[in-house]
Amino acid sequence: MTVGSGSRAGNGLVLPRRTLLKSGAALGLSGLVSAPFINRLMAQESHPLAGQKIEMNILGIAGWLPSSLGVQMSPLFAEFAKEKYGYDVSFGFAEAPFSDLFQKAATSLATRSQEYNIIISDSQWLGALARPGWILQLDDIIAKNPNLQLEWYSQTVVDTYMTYPDNSGNRWGLPQEGDTIALFVRKDLLENEEEKSAFQAKYNIPLPQTFEDFEKLTMEDFEKVAEFFTRPDQQLWGTASQYSRVYDFCTCFLYPYMWSQGGEIWNPETGQVEGILNSDINATAMDQYKGLLKYQPQGALNYGIAEIIDVFTQGKVFSAFQWAAVGLGMITDANRDQVMVVPPPMHGKGADAKRVYSMGGQPWVLNAFNDETKMRVAIDFLNWWYLPETTLEFAKRGGNPTDKATLSNPDFDNINPWNRAYKYMLEPGRSRDFWHHPRYSEMLAVQQEGFTSFMTGTTASARQALDYIACQQQQILYDDGSAAERPSDACSAVSL
Amino acid sequence: MSSRLMPGVLDNRRFLVFALLVPVLAFFVVFNTIPTLWLLGLSFHKFSLISGMPPEFFGLRNFEDIYYNKNGIWGDLGRTFLFVGVGVTVQTVLGVLLGFLFWGSKDMPGRRIALTLLFTPMVLTPVATGTFFRFIYDPTFGVLNALLTGGLGMGVVDFLGNPKIAYWAVLAVDCWMWTPFMTLMTLAALGSVPKAELEAAEIDRLSWPKRISLVIWHHGKFILMLGILLRTIDAFKTLDLIIPMTKGGPGQTTRLVAVELNKQSFESFNMGWSSAYSVLLLLISIAMTSIFIYILNRRRRAR
Numbered sequence: 002m003t004v005g006s007g008s009r010a011g012n013g014l015v016l017p018r019r020t021l022l023k024s025g026a027a028l029g030l031s032g033l034v035s036a037p038f039i040n041r042l043m044a045q046e047s048h049p050l051a052g053q054k055i056e057m058n059i060l061g062i063a064g065w066l067p068s069s070l071g072v073q074m075s076p077l078f079a080e081f082a083k084e085k086y087g088y089d090v091s092f093g094f095a096e097a098p099f100s101d102l103f104q105k106a107a108t109s110l111a112t113r114s115q116e117y118n119i120i121i122s123d124s125q126w127l128g129a130l131a132r133p134g135w136i137l138q139l140d141d142i143i144a145k146n147p148n149l150q151l152e153w154y155s156q157t158v159v160d161t162y163m164t165y166p167d168n169s170g171n172r173w174g175l176p177q178e179g180d181t182i183a184l185f186v187r188k189d190l191l192e193n194e195e196e197k198s199a200f201q202a203k204y205n206i207p208l209p210q211t212f213e214d215f216e217k218l219t220m221e222d223f224e225k226v227a228e229f230f231t232r233p234d235q236q237l238w239g240t241a242s243q244y245s246r247v248y249d250f251c252t253c254f255l256y257p258y259m260w261s262q263g264g265e266i267w268n269p270e271t272g273q274v275e276g277i278l279n280s281d282i283n284a285t286a287m288d289q290y291k292g293l294l295k296y297q298p299q300g301a302l303n304y305g306i307a308e309i310i311d312v313f314t315q316g317k318v319f320s321a322f323q324w325a326a327v328g329l330g331m332i333t334d335a336n337r338d339q340v341m342v343v344p345p346p347m348h349g350k351g352a353d354a355k356r357v358y359s360m361g362g363q364p365w366v367l368n369a370f371n372d373e374t375k376m377r378v379a380i381d382f383l384n385w386w387y388l389p390e391t392t393l394e395f396a397k398r399g400g401n402p403t404d405k406a407t408l409s410n411p412d413f414d415n416i417n418p419w420n421r422a423y424k425y426m427l428e429p430g431r432s433r434d435f436w437h438h439p440r441y442s443e444m445l446a447v448q449q450e451g452f453t454s455f456m457t458g459t460t461a462s463a464r465q466a467l468d469y470i471a472c473q474q475q476q477i478l479y480d481d482g483s484a485a486e487r488p489s490d491a492c493s494a495v496s497l
Numbered sequence: 004m005s006s007r008l009m010p011g012v013l014d015n016r017r018f019l020v021f022a023l024l025v026p027v028l029a030f031f032v033v034f035n036t037i038p039t040l041w042l043l044g045l046s047f048h049k050f051s052l053i054s055g056m057p058p059e060f061f062g063l064r065n066f067e068d069i070y071y072n073k074n075g076i077w078g079d080l081g082r083t084f085l086f087v088g089v090g091v092t093v094q095t096v097l098g099v100l101l102g103f104l105f106w107g108s109k110d111m112p113g114r115r116i117a118l119t120l121l122f123t124p125m126v127l128t129p130v131a132t133g134t135f136f137r138f139i140y141d142p143t144f145g146v147l148n149a150l151l152t153g154g155l156g157m158g159v160v161d162f163l164g165n166p167k168i169a170y171w172a173v174l175a176v177d178c179w180m181w182t183p184f185m186t187l188m189t190l191a192a193l194g195s196v197p198k199a200e201l202e203a204a205e206i207d208r209l210s211w212p213k214r215i216s217l218v219i220w221h222h223g224k225f226i227l228m229l230g231i232l233l234r235t236i237d238a239f240k241t242l243d244l245i246i247p248m249t250k251g252g253p254g255q256t257t258r259l260v261a262v263e264l265n266k267q268s269f270e271s272f273n274m275g276w277s278s279a280y281s282v283l284l285l286l287i288s289i290a291m292t293s294i295f296i297y298i299l300n301r302r303r304r305a306r
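So the protein sequences, as listed, match chains A and B.
The numbering of the first sequence is this note's numbering, which starts it at 2 and goes up by one.
The numbering of the second sequence is this note's numbering, which starts it at 4 and goes up by one.
These are calculated hints, taken from the structure and not from any lab test.
It is possible that part of the hints are untrue.
Said to hold, decoys possible - Cut-off 35 Å, straight-line C-alpha distance, at most; resulting in silico cross-link-like pairs (DSBU-like, lysine-lysine): (1) B/240 <-> A/105; (2) B/167 <-> A/291; (3) A/424 <-> A/295; (4) B/109 <-> A/105; (5) B/167 <-> A/317; (6) B/49 <-> A/295; (7) A/105 <-> A/83; (8) A/145 <-> A/317; (9) A/105 <-> B/49; (10) B/213 <-> A/291; (11) B/167 <-> A/225.
Using the sequences and the accompanying hints, generate a full structural model.
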């Protein structure tokens, strides 16, 4: 039946063929145009917050590049959340320096405030934040979110950034940034033929050249290299390390001397410090670390992270012990071709020589007082943070991921100059963290005072400083109920 | 009826005074009296902000710990008294000399600019000043060492790292910062001296020492003593200058009472012990203020 224009057949609507063809074409075109949108709609998960606008706040560490990377990348999550979950999220940021961040977080959390929804904590604060119930235990959340059940690069990652109390298996944090100590060296000086010959002639050993050479280097030989490049008349010194009293600066760079030679700092099971920290091994380690000052610029006693960046980037030192996480600060456009990042030296001799350095880095923790909406967004954020494309992007921007998949990527070592050394030091046994105890800050303050007192010569002997620290920490842990033993009678006569 | 009452009430001077005082009193009670009482109560408790436990009554244990030199606080007090004594003395002497210099050179060209420059350190934030001086003192990059080594041919001095020098290096910065305050107080004190009496002293050909003791000191002593009192209390609380420079180090050499109190309360969150320590410091401050007021009022009482 041919239908004439405008005619009707019975009660049915009759359309002319041309109109039908036009309509069909228009429908097809509109379908093509809207296909991505429909795809997107199809891709969106049914999410309870879809259509809502949510404002989140992150508390991070001021002046700390990895922390700021987490913050800088949050707009990417906002896009992701809009696309995948259909809600709008914006982020506000607050920050404080390392030494003050815990204070800022604690005073807010103590009032049960949700001022900061997500916090970049330091690993040692897990206990202090977890015990009063300020942060959320993540075990259930990890169990319900397959994206958070990652295979981490080593058990060190789990022990450092996630677990409190030690070995309990209770997880309170997830790694935001992994970090280890690395040795930044001036490749241009090492490769200089005259320097090579002069070093060989003076010490009868070759000047280390490659990553593998430094992998085998002991502290004894490294000191020869440091001595060789110590030339105050040329405003050049052999090395730089951290001795500052601020936060944990001196502690983190002195501990490797203790741990690598078999020293211990406490018994986490019994809370015993006295008799463990103030050992002969640790006293010797302190003397050795103080001895390294010979090869450093005057003023090294006040060196922290920023000062090391200054002296290294301005060419005042041949090498620097520094956190891998500040690689972007240590390696600038001006010195990019002159720097090599290698494992820090081993301690000891022959087959017994080993390296056990301090862990750095920070976990994400979630405010336990977040309301349901903010908690949901925070969990979505963590799910996004550990997506393979996010961790890769994080690495490309200079961050240090901790998951096995990213670190095992064959390209990972070449993304940043420090990646290989970072990964090497993250291997089990090469780095470790200390105290996740709630009285961490108190123990640290006493320790920093004691260590720096000895380093500056205010306290004459390492043993005296260690006795003072051990007695004070024993008292802190005893008062806390974590140590069975109170400080011995000998402690009454101990002072700095 | 109310319109009739209001003028009557407002005419009542006692009520008016009370009504005007209420906001200030309320502010004082809420932000001063209650926290002070709270502090006093907490000083008898064991309480850590990070323990998750409520305060536990501790009796006099916190004060006992202080008596038995817990955390080496008697050493801190000794260093603080020395800091206050030497610092305020130097600042007063220099401030008075500079005050007389500017008072006697009213027609000097550029006097206003010189005064403005002189007062600049006083208006800077102590944290910023401390940070500046940390860089100025730096042995590797610092301008002071560059001058010492390059200009004077001396060796490098580690001002903030050497335990024998650090204390005095910090004190010098405090003097740099606060001498202008004493200059300002001296100028205010000199400004309060009646011109007629100064002219009379000049006509009577009184010697300068006599003019100072009989005329200037007589009129200006209250303002000058007030300046010394303010500086003493302020120096006793010095914290923000030291934190960026040495954080109390090397060792404990620049650890003043406020540095340790800050550490115990806001790094260790040991609130019970910190409260007891604060009570002690409050009592010391009250004692110092009382001594100053006694000295100021001594002559008046003698009359």
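Hint check results:
1. About 22 Å separates the Cα atoms of residue 240 of chain B and residue 105 of chain A, which keeps this hinted pair within 35 Å; it holds.
2. The hinted pair formed by residue 167 of chain B and residue 291 of chain A meets the criterion: a straight-line CA distance of about 18 Å does not exceed 35 Å.
3. For the suggested pair residue 424 of chain A and residue 295 of chain A, the alpha carbons sit about 30 Å apart, so the restraint of at most 35 Å is met.
4. Distance hint between residue 109 of chain B and residue 105 of chain A is unfulfilled; the C-alpha atoms sit about 50 Å from each other, more than 35 Å.
5. Our distance criterion of 35 Å between C-alpha atoms is met by residue 167 of chain B and residue 317 of chain A, whose separation comes to about 26 Å.
6. Of the pairs offered as hints, the one joining residue 49 of chain B and residue 295 of chain A is violated, with about 45 Å between alpha carbons and a cut-off of 35 Å exceeded.
7. Taking the CA atoms of residue 105 of chain A and residue 83 of chain A, the gap is about 31 Å. The hint holds against a cut of 35 Å.
8. Between residue 145 of chain A and residue 317 of chain A the CA atoms are separated by roughly 52 Å; this puts the pair beyond 35 Å, and the hint is violated.
9. At most 35 Å may separate the alpha-carbon atoms for a hinted pair to count; residue 105 of chain A and residue 49 of chain B meet this at roughly 22 Å.
10. A C-alpha spacing of about 60 Å is found between residue 213 of chain B and residue 291 of chain A, which places the hinted pair above 35 Å, so the restraint is violated.
11. Distance restraint check for residue 167 of chain B and residue 225 of chain A: the Cα-Cα separation of roughly 31 Å lies within the 35 Å cut-off, and the hinted pair is therefore satisfied.
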